[in-house]
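So the sequence lines, in the order shown, correspond to chains B and F. Number 173 in our numbering belongs to position 173 of the first sequence; there are no gaps in the numbering. Number 130 in our numbering belongs to position 130 of the second sequence; there are no gaps in the numbering.
I should point out that these hints are in silico values taken from the structure, not numbers from a laboratory. One or more of the hints may lead you astray.
[Unchecked claim] One side only, chain F facing chain B, incomplete, derived with CB under 10 Å:
1. VAL138
2. MET207
3. LEU248
4. MET276
[Unchecked claim] Dumping the calculated DSS-like pairs for lysine-lysine here, alpha-carbon to alpha-carbon at most 27 Å:
5. B:LYS199 x F:LYS84
6. B:LYS65 x B:LYS306
7. F:LYS10 x B:LYS180
8. B:LYS57 x B:LYS116
9. B:LYS93 x B:LYS116
10. F:LYS71 x B:LYS180
11. B:LYS151 x F:LYS10
12. B:LYS57 x B:LYS306
13. F:LYS84 x F:LYS42
14. F:LYS10 x B:LYS148
15. B:LYS57 x B:LYS46
16. B:LYS306 x B:LYS116
17. F:LYS117 x F:LYS182
18. F:LYS71 x F:LYS42
The beta carbon of each residue, even a glycine, is placed where N, CA and C say it ideally should be.
If you want the building blocks of each chain, they are given just below.
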Amino acid sequence: MPHRTFFWFFFPSGLAMLLFIGLPIISSFFQSLHIEPEQILMEVEKCDPFGCKTETKVDIEATTKLQEEQPLGRFNGLGTYGDRNHLAFDEIKEAWTNSSSMAEFTDILLNLPFYKALLFTLTFCFAVTPPVVVLGFIVALSVNTITKSLKGPTIFGVILPMIVTPLIGSLVLFWMIDAKGILGSFIQFLFDDPNLSLKSSSQLTWITLIIYGIWHNTPFAFVVFYAALQTVPQDPIEAAIIDGASRYERVRHIVIPHLYPVATFIILICLMDNFRVLEPIIGFAAEGVAQSLSWMIYNDLRSENKMLFGSAGATSMLTIIGVAILLTPVLIRTWREFRTER
Amino acid sequence: MESKINRYSKQLILINSFFILAWLIVSVFPFIWTFWGSFKVKADFFSRADWMFAVTGVNTLIETGDTSTVKAYVESWTEGEFWKATMNTIIITVSVVTISLFLGTLGAYALSRSTYKYTFWILIAALIFRAMPHITLVSGYLFPFFQLNVWGILPTTIIVLVAINQPFTLWLLYSFFKTVPKELDESALIDGCSYFQAFRFVIMPVMWPGVVTAGLFSMMLAYNDFTVTSLLLNQQNYTMVPKINAYLGTIEHSGNYMWAVSSVVSATAPLFMIIMFFQRQLISGLTAGAVKG
Numbered sequence: 001m002p003h004r005t006f007f008w009f010f011f012p013s014g015l016a017m018l019l020f021i022g023l024p025i026i027s028s029f030f031q032s033l034h035i036e037p038e039q040i041l042m043e044v045e046k047c048d049p050f051g052c053k054t055e056t057k058v059d060i061e062a063t064t065k066l067q068e069e070q071p072l073g074r075f076n077g078l079g080t081y082g083d084r085n086h087l088a089f090d091e092i093k094e095a096w097t098n099s100s101s102m103a104e105f106t107d108i109l110l111n112l113p114f115y116k117a118l119l120f121t122l123t124f125c126f127a128v129t130p131p132v133v134v135l136g137f138i139v140a141l142s143v144n145t146i147t148k149s150l151k152g153p154t155i156f157g158v159i160l161p162m163i164v165t166p167l168i169g170s171l172v173l174f175w176m177i178d179a180k181g182i183l184g185s186f187i188q189f190l191f192d193d194p195n196l197s198l199k200s201s202s203q204l205t206w207i208t209l210i211i212y213g214i215w216h217n218t219p220f221a222f223v224v225f226y227a228a229l230q231t232v233p234q235d236p237i238e239a240a241i242i243d244g245a246s247r248y249e250r251v252r253h254i255v256i257p258h259l260y261p262v263a264t265f266i267i268l269i270c271l272m273d274n275f276r277v278l279e280p281i282i283g284f285a286a287e288g289v290a291q292s293l294s295w296m297i298y299n300d301l302r303s304e305n306k307m308l309f310g311s312a313g314a315t316s317m318l319t320i321i322g323v324a325i326l327l328t329p330v331l332i333r334t335w336r337e338f339r340t341e342r
Numbered sequence: 001m002e003s004k005i006n007r008y009s010k011q012l013i014l015i016n017s018f019f020i021l022a023w024l025i026v027s028v029f030p031f032i033w034t035f036w037g038s039f040k041v042k043a044d045f046f047s048r049a050d051w052m053f054a055v056t057g058v059n060t061l062i063e064t065g066d067t068s069t070v071k072a073y074v075e076s077w078t079e080g081e082f083w084k085a086t087m088n089t090i091i092i093t094v095s096v097v098t099i100s101l102f103l104g105t106l107g108a109y110a111l112s113r114s115t116y117k118y119t120f121w122i123l124i125a126a127l128i129f130r131a132m133p134h135i136t137l138v139s140g141y142l143f144p145f146f147q148l149n150v151w152g153i154l155p156t157t158i159i160v161l162v163a164i165n166q167p168f169t170l171w172l173l174y175s176f177f178k179t180v181p182k183e184l185d186e187s188a189l190i191d192g193c194s195y196f197q198a199f200r201f202v203i204m205p206v207m208w209p210g211v212v213t214a215g216l217f218s219m220m221l222a223y224n225d226f227t228v229t230s231l232l233l234n235q236q237n238y239t240m241v242p243k244i245n246a247y248l249g250t251i252e253h254s255g256n257y258m259w260a261v262s263s264v265v266s267a268t269a270p271l272f273m274i275i276m277f278f279q280r281q282l283i284s285g286l287t288a289g290a291v292k293g
């Protein structure tokens, strides 16, 4: 196809992506270099019958004027990246010199907002992915063996948790897990503790979120594994049966090796998807104990009176770096595939 | 194609059936429970005394005179203005699906037929764009949108969702067009068609299976979106998902909490119906494209 024709065919789609995905990333970076203008303070002398005193208060007029002149705020360079809410260099240095043991240092480090969020995000990613792959594989094997007429409805049932948006999915589970809901009461009954609530401690909330993550992500792994199972060659399996291999041995030595590439694909996608975890935290009302990187950005942009564009921009940039690290293996894989295709 | 020697033992079938049944309960029961509970009052759905109240509806009987009630539905749709959120969702979903399919088919067709190296870099760029967390993009939108005074309205959100959706649509349709034999449109070109005519008269009639799959995914993205719609729309223009979240903001009001429960059912039911019809396309899309991330 000539370049000219290609250009006109691709132009609308490319323009949309450039304007609304490419530019925002640059705009985010630009915002992260700025910081909200300080409020201009003025001293006012206030006199009443008991005497005069000076008060400092915000000069609203001057502040609004400054905001109009510099809507993005003043230039701050990379300052926002190093402040307490992001990489917190000063705090880390201080903690390093002052803390007596490694444990104390880690404790201080993980109480800084950014590192706390990073810890949760990574824990969530790496706790959810392995069970998702294993469960997805088992369910796929299992569905593959049932009668053909039952397959359709079964698959529909199994993929439901994936179809609903994470916010709705987490709400549905949250209402059941609530201390007054059916699962919550059941757990209280099980442990014989009428005050037990999954919301009561941070560990329990984290576990709940991770269980939700597994529930939501397993269908995706299932679908991909199930499709891959249809492509497993039958000849080696029959040969193995004739040689007297048990069912377990056949799965272990023929099916699983065949599915390795698919499994890596699922793992990478799962890690990438879960790295942006946000909605479950809102759905489970877990903001207090579990914050993710995405939630930090959401929170900066949510604040009613003043949106912290600078802070949100800086966290966005750091998140993108995280995504880039996770994405590298996928890119290398695509590159190889594309080269062999040619 | 099960060979006769690969028969399953009775024992295995039994264990397998149990496992599948258990897994089905895990994935389906929460939705059935929520559906059932949405016809009860809050004192039953979140029952302090006995969880069985949610099944029998004891308090619902006391409060409304019947064991089940549609009060939460009626109130959320009228007083809670859920009808408006539904309208907005329909407008956004239909527009996003139409526009992104239009742009996507043209772009993906060009990508699949061009033999130059830049197509690879475009596809890689699309893959990177696809991996960007939506919230980081939103943080880049807000400030310019405020300055341009286009924040809060539906068209802005539609364009943003179309753009966010493009990378996946492109990849999906690209791999679909790769399976359409090149000879088909090449013969049309030899017969004197322009590229556009070849696309219009030769490719368009055979591209519908791929388009339906891509459309299904665009629909799910637009319908399910929370990050973009909750931050880029003002309260009056909220779609269903941010609206449900807004109901939850007022927990003190016990009536509102059931609004959220009933709205979850109202929002999920149509989606499930659509998926029931298009399940095959959904699964083929997830596997064929192999680029969900």
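Verify the proposed pairing of B:LYS57 with B:LYS46, using a straight-line Cα cut of 27 Å. 11 Å, holds
Taking 27 Å as the top limit, are the C-alpha atoms of F:LYS71 and B:LYS180 close enough? Cα-Cα ~21 Å, so holds.
B:LYS65 and B:LYS306: Cα distance at most 27 Å? At roughly 16 Å apart (the allowed maximum being 27 Å), B:LYS306 and B:LYS65 satisfy the hint.
Hint check: F:LYS117 vs F:LYS182, CA-CA at most 27 Å. Holds or violated? 18 Å, holds
Verify the interface restraint on F:VAL138: the C-beta must sit less than 10 Å from at least one C-beta of chain B. 7 Å, holds
Restraint check, 10 Å cut-off on beta carbons, for F:LEU248 near chain B: For F:LEU248, the interface hint holds, since the closest Cβ of chain B sits about 8 Å away, which is under 10 Å.
Mind checking the alpha carbons of F:LYS84 and F:LYS42 for me, to see if they're no more than 27 Å apart? Satisfied, since the Cα-Cα distance of roughly 24 Å is no more than 27 Å.
Hinted pair F:LYS71 and F:LYS42, Cα distance within 27 Å: Between F:LYS71 and F:LYS42 the Cα gap is close to 11 Å, so the pair holds against 27 Å.
The hint names F:MET207 as touching chain B; please verify it with the least Cβ-Cβ distance against 10 Å. 14 Å, violated
Interface restraint verdict for F:MET276 against chain B (beta-carbon cut-off 10 Å): 6 Å, holds
For a C-alpha distance cap of 27 Å, please report whether B:LYS199 and F:LYS84 respect it. 34 Å, violated
With the threshold set at 27 Å, check whether the alpha-carbon distance from B:LYS151 to F:LYS10 stays at or below it. With Cα atoms ~19 Å apart, B:LYS151 and F:LYS10 stay inside 27 Å; holds.
Violation of the numbered hints given earlier is confined to hints 2, 5, 7, 8; the remaining hints are satisfied by the structure.
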